[in-house]
Amino acid sequence: KAGVTQTPRYLIKTRGQQVTLSCSPISGHRSVSWYQQTPGQGLQFLFEYFSETQRNKGNFPGRFSGRQFSNSRSEMNVSTLELGDSALYLCASSPRGLDLSGNTIYFGEGSWLTVV
Amino acid sequence: TQLLEQSPQFLSIQEGENLTVYCNSSSVFSSLQWYRQEPGEGPVLLVTVVTGGEVKKLKRLTFQFGDARKDSSLHITAAQPGDTGLYLCAGPLHSGGYQKVTFGTGTKLQVIP
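Residue numbers (the numbering used here), protein chains in the order written: chain A, 1 to 116; chain B, 1 to 113.
Because the hints were derived from the structure by calculation, they are not lab data.
Think of the CB as a built atom: it goes at the ideal place given N, C-alpha and C, for glycine as much as any other residue.
There could be a bad hint or two in this list.
So, partial list: chain A residues that the calculated Cβ filter (under 8 Å) puts toward chain B [what the hints assert, rightly or not]: (1) K13; (2) P61; (3) E75; (4) G108.
Computed beta-carbon distance windows for the label pairs [claimed, not checked]: (5) B:G52 to A:S79: 25 to 31 Å; (6) A:P95 to B:S26: 44 to 50 Å; (7) A:S27 to B:G40: 43 to 49 Å; (8) A:N71 to B:T51: 47 to 53 Å; (9) B:L19 to A:G40: 35 to 41 Å; (10) A:S27 to B:L19: 48 to 54 Å; (11) B:S12 to A:S70: 26 to 32 Å; (12) A:G40 to B:H94: 24 to 30 Å; (13) B:H94 to A:S27: 26 to 32 Å; (14) B:T77 to A:L11: 38 to 44 Å.
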């Protein structure tokens with residue numbers, strides 16, 4: 001079956017702008033989670049959506065937001081971009097949310113965001 | 001401060017050598033997962049360990065969960081160039097009423113043919 005699909009793959013934005021990233025999960029998966037990966041901070045959890053509701057969130061400022069649609073597709077938005085927001089943004093889907101025991105989280109290839 | 005510290009940070013070895021990567025924490029985890037991430041791709045799950053002292057084998061890869069469930073190791077026997085990538089451990093974390101996933105600092109492995 002098709003994997004997790006993220007668009008766009010690469011984008012460049014200017015400081016102060018906002019950006020929206022899209023994620024299509026594996027068919028049948030209701031949980032979509034988002035992550036930020038940078039060389040300095042590594043891979044960090046942003047938030048998780050399950051059945052259109054934000055169920056869990058990490059320690060990121062309110063500039064980072066998301067939503068999930070009834071078909072489980074998800075979008076992540078970052079407003080007022082800062083240079084430090086340059087990162088690989090990964091989306092993942094799973095059938096059982098963030099329960100790691102006996103559950104597989106499938107990652108997409110990511111969206112590379114560069115803020116200049 | 002990272003909850004999961006991995007060592008070494010970088011490892012460059014010749015094909016055929018053995019290696020061990022460590023994932024350590026001062027906290028107890030109910031489970032730990034290991035992922036491999038290749039350049040330009042997202043992480044791919046290799047294994048989940050749940051029971052303290054558990055050992056799991058995946059072909060040439062051997063994973064162990066510490067008895068106290070605070071640490072884990074990944075041992076690769078006779079490394080191949082295809083093993084090249086970023087190895088990440090990850091564990092569940094409950095904080096502030098939320099469930100999260102926390103990832104280790106990562107070990108970047110390069111296997112030279």
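Contradicted hints - numbers only: 1, 2, 3, 5, 6, 7, 8, 9, 10, 11
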